[in-house]
Amino acid sequence: MALTKKQRAVLRMKFGGRCAYCGCELGDKWHADHVKPVLRHMNGSGMIHAENDTEENMVPACHPCNLHKHCNSLEDYRRIIGDGRREFLVSGKGKALVRMGLVDMKPDPVVFWFERYQQEAL
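Numbering (full-length UniProt numbering), first residue to last: 1 to 122.
In short, the hints are calculated from the structure, not lab data.
Accuracy of the hints is not assured; some may be wrong.
Unchecked claim - Only pairs whose alpha carbons sit at most 30 Å apart, straight line, appear in this in silico DSS-like list of lysine-lysine:
no., residue 1, residue 2
1, 14, 29
2, 36, 5
3, 6, 36
4, 93, 106
5, 14, 93
6, 29, 5
7, 29, 6
8, 95, 106
9, 36, 106
10, 14, 36
What you are looking at is a predicted structure, and each value in this text was computed from that prediction instead of being measured.
Just need the whole structure built from these sequences, with the hints factored in.
Okay, here's the thing in structure tokens:
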């Protein structure tokens with residue numbers, strides 16, 4: 001669904017003007033992401049899961065997070081990030097950066113910005 005300028009302005013501020021996933025401050029170029037994915041047909045003729053194409057299912061996302069999440073569900077995206085962290089830690093470069101104190105890899109579960117934001121609002 002195409003959002004109006006007013007809808008985009010409201011969506012942008014949904015989590016304090018920050019990306020729902022990483023929490024970075026949103027600039028002028030940001031995406032309205034579907035939390036529950038909508039898969040568009042390559043030829044532009046429609047979409048799979050059109051029922052997810054609602055304003056309530058959209059969150060503001062920075063360009064990198066939206067592209068990285070792609071058409072994954074929220075839990076799949078959480079798993080992908082966790083897997084990437086583990087892969088980095090077992091790589092030679094990752095081990096070296098941790099040893100040198102240049103990277104601090106926390107074993108904490110992956111919690112998205114919007115989850116922390118909503119928790120603080122309670």
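Against the structure, the hints come out as follows:
For the hint linking residue 14 to residue 29, the alpha-carbon distance of about 16 Å falls within 30 Å, and the restraint holds. Proposed proximity of residue 36 and residue 5 is supported: the alpha carbons are some 22 Å apart, at most 30 Å. Restraint check for residue 6 and residue 36: satisfied, since their Cα atoms lie roughly 22 Å apart, inside the 30 Å limit. Pair hint residue 93 plus residue 106 holds up; C-alpha atoms about 17 Å apart against a cutoff of 30 Å.
Using a Cα cut-off of 30 Å, the hinted pair residue 14 and residue 93 is violated, with the two alpha carbons roughly 37 Å apart. A C-alpha spacing of about 13 Å is found between residue 29 and residue 5, which places the hinted pair at or below 30 Å, so the restraint holds. With a C-alpha separation of about 16 Å, the suggested pairing of residue 29 with residue 6 holds against the 30 Å cut-off. Pair hint residue 95 plus residue 106 holds up; C-alpha atoms about 13 Å apart against a cutoff of 30 Å.
Restraint check for residue 36 and residue 106: the C-alpha separation of about 27 Å stays at or below 30 Å, so the hint holds. The hinted pair formed by residue 14 and residue 36 meets the criterion: a straight-line CA distance of about 17 Å does not exceed 30 Å.
Hint 5 alone, counting from the list given before, is not met by this structure.
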